[in-house]
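> The primary structure of each chain is shown beneath.
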Amino acid sequence: GQQVMQIPQYQHVQEGEDFTTYCNSSTTLSNIQWYKQRPGGHPVFLIQLVKSGEVKKQKRLTFQFGEAKKNSSLHITATQTTDVGTYFCAGFMEYGNKLVFGAGTILRVKS
Amino acid sequence: EPEVTQTPSHQVTQMGQEVILRCVPISNHLYFYWYRQILGQKVEFLVSFYNNEISEKSEIFDDQFSVERPDGSNFTLKIRSTKLEDSAMYFCASRERQVPNTEAFFGQGTRLTVV
Chain A
555 GQQVMQIPQY
565 QHVQEGEDFT
575 TYCNSSTTLS
585 NIQWYKQRPG
595 GHPVFLIQLV
605 KSGEVKKQKR
615 LTFQFGEAKK
625 NSSLHITATQ
635 TTDVGTYFCA
645 GFMEYGNKLV
655 FGAGTILRVK
665 S
Chain B
15 EPEVTQTPSH
25 QVTQMGQEVI
35 LRCVPISNHL
45 YFYWYRQILG
55 QKVEFLVSFY
65 NNEISEKSEI
75 FDDQFSVERP
85 DGSNFTLKIR
95 STKLEDSAMY
105 FCASRERQVP
115 NTEAFFGQGT
125 RLTVV
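Listed in order, the protein sequences are those of chains A and B.
In case it helps, my numbering puts the first sequence at residues 555 to 665.
In case it helps, my numbering puts the second sequence at residues 15 to 129.
Just chain B, same shape as in the assembly (with noise of 0.2 Å):
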């Protein structure tokens, strides 16, 4: 069965560095997300994005969030300068098209530690 793959599953970096996530959507979907999630707490939207653009973005997706989808199959977050609250699990998601009603398929998820 086709999956969503991220890596690493667990991230530990010193508060001021830059962090990458890498997620591998599944193959024929055009739609790709970000979520967060804190420990414990709700499944949080970060960023929506389709046919290499940016299509949605919470609040949460400040100006130190960035993604890019650098070779057609990597899908990447980025966070420039962590802070302690980026602590979370991030969750990659790929939809296959546009209309609402496909399912999102989320990937493991990469646990980052800010210290």
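In isolation and in its complexed conformation, chain A is listed as follows (with noise of 0.2 Å):
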């Protein structure tokens, strides 16, 4: 079936070193989109990437869209305490009318 792989499934870093998380679907996406979900909340939109090699910004997250339009990251740079919480690729598969969730990667701040 359409799955998304993402890892790693669990970081934990010191406040101010970097964080990646990598998404990698096993079929072409129109698009790809991540969410973030703080402890006991609900998925919050963050961004949506589209083009083939596509990369945005927002502030200290950097996203990436693979040329393939298979794979995906989300990169922040100096990790704050607010950075806390679950991060999701969401990827809708180039004919289907769903987004499907990766599993998620669970960031945890030291400070």
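Don't read these hints as lab results, they were simulated from the structure.
Be aware that a few hints might be false.
[Stated by the list, open to error] Counterexamples of contact, computed for chain B against chain A with all Cβ distances above 12 Å:
id: 1; residue: Gly30
id: 2; residue: Val57
id: 3; residue: Asp76
[Claimed, not checked] To be clear about the criterion: a stretch of chain B counts as covered by chain A if any three or more of its residues have a C-beta under 8 Å from a C-beta of chain A, and this derived list gives those stretches:
id: 4; stretch: 42-56
id: 5; stretch: 60-74
id: 6; stretch: 118-126
Quantities reported herein were computed from a predicted structural model and do not represent experimental measurements.
Ideal placement from N, C-alpha and C gives every residue a C-beta, glycine not left out.
With the hints as a guide, dock the two chains, each given alone in a separate frame, to form the complex.
Written as structure tokens, this is what we have:
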């Protein structure tokens, strides 16, 4: 079936260190979206990437979409305690109307 | 800012009982979804709904589940005979348009506990 794999499952960093989570799809995606879920909260939309090779930045966050539109990454520079939460990638397959979520990466930041 | 609202926030039910989870999507949105998240696990797609009918459903969405849009604003998920393994957070989401280039707005979720 359509799958979106995400690694790592869990990352614990010192405040100020960088963090990256990677997403890989078994099939080509029409677009990819990233969501953040705080502990006890609901997924909140961060950004979407549509074009092959696209790179977008939001302050300390950098998002990339692979050339083949099958993989994506989120990189956080100089993490802060406010960055804690679970980061999910979610993709729309080329022919479909549902968002398929990756398993998420739990980020913990030590101050 | 418009938001998706879900009620109740927490529901405890006895195994075998029926539950109805309610959602009010954003008013001009056309696509509606239910997702489930078992504690500490990934967000799993259950069903999508458009134009008053199911457009896609997952293997999880078996005959025990049904969805309805009874009055043009509410969107409900019914579980006919709950099982212990149905305990999870259930999220409703809505999108504005058909094309994939629109974000999904998620509600705060209903935590369902089956005892």
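> Beyond 12 Å from chain A, beta-carbon-wise, is glycine 30 of chain B?
At roughly 28 Å from the nearest Cβ of chain A, glycine 30 of chain B sits farther out than 12 Å, so the non-interface label holds.
> Would valine 57 of chain B pass as off the interface with chain A, using Cβ distances and a cut of 12 Å?
At about 4 Å from chain A, valine 57 of chain B fails to clear the 12 Å cut-off, so the statement is violated.
> Are there three or more residues in the stretch 118-126 of chain B whose C-beta lies within less than 8 Å of some C-beta in chain A?
holds (count 6)
> Taking C-beta pairs only, is aspartate 76 of chain B more than 12 Å away from all of chain A?
16 Å, holds
> With a cut-off of 8 Å between beta carbons, are at least three residues of the stretch 60-74 of chain B near chain A?
With 4 residues in contact (Cβ-Cβ under 8 Å with chain A), the coverage given for the stretch 60-74 of chain B holds.
> Cut-off 8 Å, C-beta pairs, minimum 3 residues; does the coverage of the stretch 42-56 of chain B by chain A stand?
holds (count 5)
In terms of the numbered hints stated before, the structure departs from hint 2 and from no other.
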